Each structure stands twice: as structure tokens, then as C-alpha cells.
Amino acid sequence: MATVEQLARYVRSKNAGPFWVTLEIFTDNDAAYQQIKGSPNLTKAAVAELYGVEPGLVKQFYLDDLRVVKYSYPRPRPSGHRAENDMHSGQQYIKLAEVEV
Amino acid sequence: MNTCSVLMPIGGLGAGINKEAFDFGMAMNPDAIAVDAGSTDSGPAYLATATCKVPRMTVKADLEICVQGAVEGGIPLFIGSCGTCGTDNLVDWTGDIVAEILAEHGWQAKIAKIYSQQPAETLERKWDEGKIHALEGAPEIGRGTFADCSNIVAVLGVEPFIEAVQAGAQIILAGRATDTAVIAAYPILKGCDVAASWHGAKTVECGAQCADKEDGMGVLLTVDETGFYVRPLLPDAHCTPYTVSSHLMYENTDPWRLTEPSGTMVTHKAVYTQVDEFTTYVTGSEFEPAEQYTMKLEGARPNGFQNISLVGIANRKICADPERWIRNITAFGVAKLDKLGIDPATYHIDFKAYGFNAVLAGAPPLDAPPPRELGMLLTVTADTQELATRVAKLYQPLLLHFPTDMDEREQLPSFAFPFSPADCPRGETHEFTLYHVVDVDDPLELVRIAYVTV
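Order-wise, the sequence lines are chains A and B.
Per my numbering, the first sequence runs over residues 1 to 101.
Per my numbering, the second sequence runs over residues 1001 to 1454.
Treat the hints with care, as some may be off.
[Stated by the list, open to error] Cβ-to-Cβ under 7 Å is the rule here; a few derived chain A residues that face chain B:
1. Gln60
2. Leu66
3. Asn85
4. Met87
[What the hints assert, rightly or not] Covered stretches of chain A, as calculated for chain B (at least 3 residues, CB under 8 Å):
5. 3 to 16
6. 34 to 40
Hints are computed from structural coordinates only; laboratory data are not their basis.
This one's a predicted model, so the numbers in the text were calculated from it and none came from an experiment.
Glycine included, each C-beta is placed from N, C-alpha and C at the ideal position.
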């Protein structure tokens, strides 16, 4: 078992406007890309559970040419909510990076 | 063949344009200069209070370089989303800075100011007409939401920019615009491929982030009738098919479909070709014109007043179970406030345990070691500053001394405050409220343009 972080070149997250978060896993070889793409721990449903959102709301994209797997999900609270903890959502990728593949 | 080159000197106005790169770009004889000055990424405060995130002096320094390039090169300068949030007052604020620069240098130019801020009444009328629609992931709103917002802006497409240039303006200062419209407007006006103009604009909207060396600062976009070229402005940076195509993902929900007021750019069939050491050429972009022209609305409303306190804790017992301490101190304070007649429904308490789970919500992995120390941030939110501060003041002695369990007869601990006073009123706070679009009959229906020659 390896984690996403160990397989990937890098993993990142960022707000996509005030109401969405987007996550990307960049890999630099086909074996790692396929392993991540095929992992049951990285399905839309698994990522939804990881971030506490409805499974139907998570979008998943496979960018084969770039060997990137991308997810987007609506922020549970709008940017600037009174209990805001990550305005730019820039640290939210860590949970994804820790997933075992 | 129609071609149009746009110099994009930096991803955000006021970040500090690299003059060497700018001059290198100007030497390639661009047809226009375009810069985006706005973003919602830093949160709702800027829109809610109609203020610019960047200090005036910093904005002026970048504008001076851009205005000089436009005046000396005899080319138009496009600035989108003036003053971070693009409210009307910040279009004027930017206009004043530009006028000051022109006057200081004895230059002349016709300035267009494009306004897109919307009064609540306009949007209430649109709401009644059924012309406001929620985007996916939008919060629930009602007719009254527009009046609740401190400020609302409608996001501009390319048409108002084109209108301003055709009216003879050389410096175009716009309210909130899509990051791409400010760049795509001139190539579209010049008869270049519409899809390539949009896709090229999207590629360069963050400056040299589409290159392999981001501190290269700027990029040159050249659109023709079949595609677009993109190259960075410093000799040690390169735009490659990988860096150019991967930038499309950045900050986008969907990497292949990007919606603009007039339609959707579709990029999944694009072909990326390296044409020289620095430059990538992109063809195969598509654009699906929308049946209905829409402008996205951005609005922020107040959601209370806050007071924050930070205390450092290295106590072993609390570090071993920070959530238990948070539960106990919260309940103790709430009970004390209740005795004073302060209803728990009138304020909101939020503890964040930095070093434990403040950034990544939920329980840390089971095998994570206990933190060596914690930064406990208490945020109190209430309808008035007075109440928020009163609640925070009541918590101060608890933040200093509260043991894990009050009933344990241990010596009262004291924790580490970095500030005196330990609490800090931070004024009114805000949240984004609108993620909606409004149908318009004409791209200029909700837009006002004013011209001034300095």
C-alpha cells in the first residue's frame, strides 16, 4: 500500500470561486496514474465521504494526456462563513494526499 | 490573416510588474496590454466593504508601467475588476490613479470607465421576472437577499470592453469582469478566432503561471484566425504543451468547459504544439455560443461582528485531547453567560485548535502523535460588536486558566497569551451570498460606461 502523496508528483487544492473547491493529483508516470485512477479509495463516493459532501455533488475528471486526476466539490460553507478555516481551500488536499491506494 | 497580440504583464494588478519582462514584451510590439485587478479568492470582505486588497501606492506603481506602455506604444490598455472587487467606487478610484499618472507625465488619453455594480432594486425586478438562476452549488436565496447584500456586482463579458474601444477609449477601466474577458476582448474585436481568443485568455489570465517558471511574471498571447501562441517574457522561462494545457485546471471546477457570459469555451479537443523553445501554439479550441446571455452575480452580506483571542497551550494533558478541553471550556463559559442573562442563541462560539485539527476538520489519523503545542483560537460572532466582545471578555480568564477538568483538584494552570489585551475586536464580518446568473436582453443592459479625456 502506498499513499497518494507517495505515488504522485504533487497534490494540490484551491478554491474555484467562493462556493467550490477543486483538487488535483498530478502523476508523472503511467503506472502511478493508472493505480490512482483505478483505486476504490478514490472514487467519487470515497472522496465525497472524505470531505463530508453528498456523493452526487462530487465531480471527477481524468486528464489522460496530463496524467492528472481532478475532483471538484461544493464548499460545505461559503467563503467567509463565521467559522471559516481555509479561505483559499489551499490546505484541503492533505486529506486526499493521505489516502492509501 | 487577422492576428492580435496581448501583453499580459502580471496575474494581478499590484503584485509588482517585472519591468524588465514588461519591456521585453513591449519590444515584441503587442497590440494591447491587459491586466486583471480582481479576485474573490481572498474572501468576501473586499466586496462587502468595497475596498481594494492592494494598497494604492502598489496599484499605482503597476499602473504607471502599464499606462506608459500604452501611451508610448499607442495601444489600448484594459484593466478588469478594478480594485479587487470591481465595485463602482473602485473603478473611479482606479480612474483617479490613472488620471494622476497621466497628469504627472503630461500624457493624454481617453479613459473609459465601465460600471457593473447593481442596486438591489434592479435585481429584485429581475427576480420577479424569473431572470435570476442559481448556479450549481449556490446557496438558497430569496427576493430579500439582494437588499441584505452590502454590494452586488454583475460580471462583465467582452462586449462592454469592445464598445469602449470602438468609442475611441485607449485606457479601459472596468468593474468586475471575468478574468478572461479583459484579455479576450481585443482579439475578438480584431477578427481573430473567437474560441482561440477565449481559450488563450484563460491560459494567460494568471500571467506566467502557464509557464515553467512562474516568476517570469508576464506572458505574450498572440491570437490568429485558427489558434493562439503563448510565450513568457523572460529568457529562462518556457511555455510548453504541458504547462499550457495543465493551467486550464487551475481554480476551475471543470477543466474542459468554462462558461462565459456569451457562451462556453470547450477545450478538450485542443492540440498543443511546441513551436520554438519558448512558445506553444494551440489549435482546436471550441466555443458554444449561449442561447441566453447571462452575467454572473457576486454579492456579499454581513454575518455578524467578531472578536478573536489566541492562546498557546503546551500542557500535556490538553495536547493529548484538545477536543475534550474545547468541549469543557465552551460549556463552562456558556453556563456562566447564561447566568448573566446572555442567551446562547445570540452569539456563536468557534474554537480552532491549531496544531490539531483547525485546518483539516475532523479527527486526525489515529496514528498521529499528540501535538507538542496548540494555538487555540477563539472566535466569537454576535449581532453587535459589543456583545461579541462581552462574550470574548468573559472567556479571557478561562482561556488563561481552564484545566481539562474543573473537578480535578490539580493546581490551576496558566496558558500562554501572545497579546495584551488578549482579545481583539475585528469588526463586522461577511460571507459570500450569491452564486447566480442574471439573464440580460443585451450585454450592455446592466452596464454603464463613462468617458473622460485627461
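Status of each hint after checking the structure:
no., hint, result
1, Gln60, "violated, 11 Å"
2, Leu66, "holds, 5 Å"
3, Asn85, "holds, 6 Å"
4, Met87, "holds, 5 Å"
5, 3 to 16, "holds (count 3)"
6, 34 to 40, "violated (count 0)"
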